[in-house]
Amino acid sequence: MRPMRNVSLAVLALALALPSAGQAADLWMMPAHYQEKAAAPCPVSAAWFAPNAPEASFKFADDNCAFHQWAVQEFLYLMQKDPKDPNGYLRFLTMASPHALFLYQGDAPASYPGSPRTQFKLGAGMARLRATSKANDAPRVVFLPRTLKTENTTFDAATQAGSNAVLVDQAGQVVYYTSQINKVYYDFILNNKYYKKEAYASMPPETSFPIGAVEVKSSWRIAFKENKYYIPKADLDQGKFYTVEGEVCKDQDCKSLVPATMALVGFHVVGRVAQHPEMVWATFEHYNNAPDCNRTPFPPSDMSFYKSSFDCGKGPFWDKCNQIRKDDWTTPSEICRAHPDGEPGTDGNTDNIRSIRLSYFNLVPGTSVWKYYSYISSIWTAAVEKEPPVALIKLDTASLRGSKKAANTSMESFTQEKNCLHCHTYQPTQIKGNCFPAGNKNLYLSHLLGLICDQKQ
Amino acid sequence: MAITWTNTIKGYFTQTDVNHMKLVQPQLDLSDYTSTKDNAVLVYNRLIDKERPMPPKSTGGPWLQEKIDNFKKWIEAGTPE
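Keeping their order, the protein sequence lines are chains A and B. Residue 201 in my numbering sits at position 201 of the first sequence, and the numbers go up by one each step. Residue 80 in my numbering sits at position 80 of the second sequence, and the numbers go up by one each step.
Accuracy of the hints is not assured; some may be wrong.
[Unchecked claim] Computed list of lysine to any residue pairs in SDA-like fashion (alpha-carbon distance at most 25 Å, straight line):
1. A/Lys183 - A/Ala66
2. B/Lys73 - A/Arg295
3. A/Lys418 - B/Met1
Keep in mind the hints are simulated off the structure, nothing from the lab.
Work out the full structure, taking the sequences as your base and the hints as a guide.
Here you go:
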């Protein structure tokens with residue numbers, strides 16, 4: 001079995017083509033304000049689009065633009081084809097699965113990236129990458145239905161899907177998500193034995209992830225399943241989505257899996273840069289996810305999560321859109337982007353975001369699938385004075401930097417009035433109830449740790 | 001008289017409300033204008049949430065409709081200080 005369909009291989013080849021100097025991207029889907037010139041330049045580098053461009057530096061000046069540049073460069077690095085992977089996957093898809101680190105059995109995990117075959121608690125509607133016939137062919141990547149984020153919802157949210165909302169696309173299909181971690185994150189947890197809950201009790205609260213740790217989360221639509229296209233074939237043939245071959249549950253009972261082509265619609269890059277133990281939380285989206293709320297009713301556009309000409313109501317409430325439908329896995333959600341630049345932001349933030357978006361679209365190769373994906377926004381906090389940090393991260397309003405409403409329409413669809421750091425805090429209650437009773441810890445900002453709570457003890 | 005943070009909204013939040021929210025949401029300080037302004041729609045959505053009423057009964061219970069309406073008017077007016 002091949003790792004990708006022909007269309008996906010074609011897309012991948014196009015995506016990795018060298019940029020042509022001065023080649024402008026197709027801007028057909030770009031909202032008008034993305035194309036406005038900003039007051040101050042915050043450019044991307046053409047070199048970041050090269051197939052072997054280096055990873056972003058995790059040490060840079062405390063300057064607003066530099067954070068956005070880090071986010072875009074790291075995104076492009078993670079979207080490179082992994083030269084070591086026999087299956088032809090992108091870098092982020094070959095990073096370790098959190099299920100390989102926080103083993104369901106509770107055992108010590110194998111060295112990075114962990115055993116390719118890991119057990120996990122199969123939840124309703126789960127999916128995974130399809131196995132191939134090649135050597136490293138195990139389905140390491142697991143997709144979960146994208147459920148509502150609440151105070152008690154962790155990464156492994158499928159277990160609560162019955163009582164929470166799921167995002168349903170306009171084709172009536174549930175949106176899936178998956179997450180990966182890099183070697184720095186993985187080795188830190190492994191070497192400190194933080195894959196077991198007991199280790200957290202004695203951990204100093206200020207302990208933080210090491211510089212260079214990266215966690216990513218991505219969201220996926222079903223493009224093709226059981227001889228039916230859920231994304232128009234023409235859009236797939238034209239390479240408008242990055243796709244992979246996966247397996248999804250045949251139905252909600254999940255007694256069997258069926259092959260499906262999965263299309264990337266959203267992406268979070270979360271990275272621990274110097275003097276920022278809170279990590280930088282950056283988000284990217286496919287252009288055709290949803291319109292900006294203040295542009296609704298939006299003309300016919302075949303968007304993933306928005307019915308053409310639907311009126312989302314009056315701002316800033318937009319109470320006709322972004323509403324939760326509990327226990328409904330089939331009715332399409334109506335989503336709009338409440339804060340297109342993640343505004344309000346700190347000084348110069350919106351200008352820098354608009355500038356870097358425009359620079360990106362002026363330099364992305366015209367044949368690249370990544371021209372259909374846009375940087376949305378990022379959030380971080382004021383730099384800590386000491387590295388490593390000596391206290392809990394400051395998360396009060398005055399300490400926030402970047403976009404205070406950084407959100408992704410495909411991943412925080414129903415909670416766009418929050419930012420990542422509303423839920424990703426040092427508080428154990430944000431992960432899972434009474435699972436971590438030992439008080440506040442900086443490490444709790446990564447909700448992947450919640451997988452420990454599901455371990456078979 | 002136009003509804004502002006100073007003349008109306010600030011007085012709607014008790015010290016218990018402030019302390020509780022700081023405990024569960026470090027970036028939401030209901031005694032601070034900027035923090036409340038930045039999170040005004042989020043707060044409003046909780047005030048009208050019938051399934052998870054806020055404030056809880058143990059600390060006075062949900063606001064009267066008049067207060068909720070005034071809070072909405074404050075948002076619609078652009079959250080003036």
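Hints, verified against the model:
1. A/Lys183 - A/Ala66: Judged against 25 Å, a Cα distance of about 24 Å means the pair holds.
2. B/Lys73 - A/Arg295: Holds, at roughly 23 Å.
3. A/Lys418 - B/Met1: 31 Å, violated
Violation of the numbered hints given earlier is confined to hint 3; every other hint is satisfied by the structure.
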